[in-house]
Amino acid sequence: MRFLIFIAPNEFKDETVSMLKLLLDKFDIDSEITSYSTKECIGSHGAVYKPDINTNLVNPLDFDGIFISDGAGLEIYKLYEFRPFLDLLLKFNNANKYIIAIGNSIKILAKANIIKNKRISTPDKDNELKNFVLLFHGSVSDRDIEIAGNIVTMKNSAEIDEPMINFFEHLGVR
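In this text, residue positions in the sequence shown follow our numbering: the first is 3, and each later residue adds one.
No wet-lab data here; the hints were simulated from the structure. For glycine and all other residues, C-beta sits at the position ideal for the given N, C-alpha and C. It is possible that part of the hints are untrue.
[What the hints assert, rightly or not] DSS-like, lysine-lysine: derived pairs with alpha carbons at most 30 Å apart: (1) K120 to K23; (2) K93 to K52; (3) K41 to K28; (4) K132 to K23; (5) K132 to K120; (6) K28 to K52; (7) K52 to K99; (8) K41 to K80; (9) K93 to K120; (10) K118 to K80.
[To be verified] Ranges between beta-carbon positions, derived for each pair: (11) F84 to K118: 16 to 24 Å; (12) I78 to L137: 36 to 44 Å; (13) D163 to M3: 14 to 22 Å.
With the sequences and hints as input, model every part of the structure.
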């Protein structure tokens, strides 16, 4: 299996990315970091990742799915309004590839209009995000993780390990 981890050029949640990489490695799943930046990306706590592939060059057929890391950078760069990224997620969705959104990155899924009639896990106190989910015809779930076909949502990255293990078990990876 091969997954992408999308990060904002700056201010992504370091702990989400490091935990994702750790878990993917543990389950022997190949992963690559992608961003719209070609330079080093700096997380909110100073972690530095150089993207393995520029997001402009991503072909969904080359991957089993994409994780979208959370963090303030998604808002700073308004990635939920960036049409090339929304179009890429539509391509992933049309190819029935996994799209995994964590925390505030769920807003991007809503804006890509790929959550219709799907249960979406949202952060407990993020009423704006809950309204986005409803606006784009999804239904709000209070579960830590929701797997709705190829769309996977996790309410936050604070306790990502257990939901991720559940997701990998869903994939049949041991």
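Each hint tested on the structure:
The straight-line distance between the Cα atoms of K120 and K23 is roughly 27 Å, inside the 30 Å bound, and the hint therefore holds. Distance restraint check for K93 and K52: the Cα-Cα separation of roughly 24 Å lies within the 30 Å cut-off, and the hinted pair is therefore satisfied. A C-alpha spacing of about 27 Å is found between K41 and K28, which places the hinted pair at or below 30 Å, so the restraint holds. A hinted pair counts as satisfied when its Cα atoms are at most 30 Å apart, and K132 with K23 qualifies at roughly 28 Å.
With a CA separation close to 13 Å, the supplied pair K132 and K120 stays within the 30 Å bound. Distance check on the hinted pair: K28 and K52 sit about 21 Å apart at the alpha-carbon level, within 30 Å; holds. Distance check on the hinted pair: K52 and K99 sit about 24 Å apart at the alpha-carbon level, within 30 Å; holds. Of the supplied pair hints, the one linking K41 and K80 holds, its CA atoms being roughly 19 Å apart against a limit of 30 Å.
Taking the CA atoms of K93 and K120, the gap is near 18 Å; set against the 30 Å cutoff, the hint holds. A C-alpha spacing of about 22 Å is found between K118 and K80, which places the hinted pair at or below 30 Å, so the restraint holds. A C-beta distance of roughly 21 Å is found between F84 and K118, which places it inside the suggested range of 16 to 24 Å. Range check, I78 to L137: about 22 Å between beta-carbon atoms, so the 36 to 44 Å window is missed.
Under the hint 14 to 22 Å, the C-beta atoms of D163 and M3, about 18 Å apart, fit the expected range.
Hint 12 from the list above is the single one not met by this structure.
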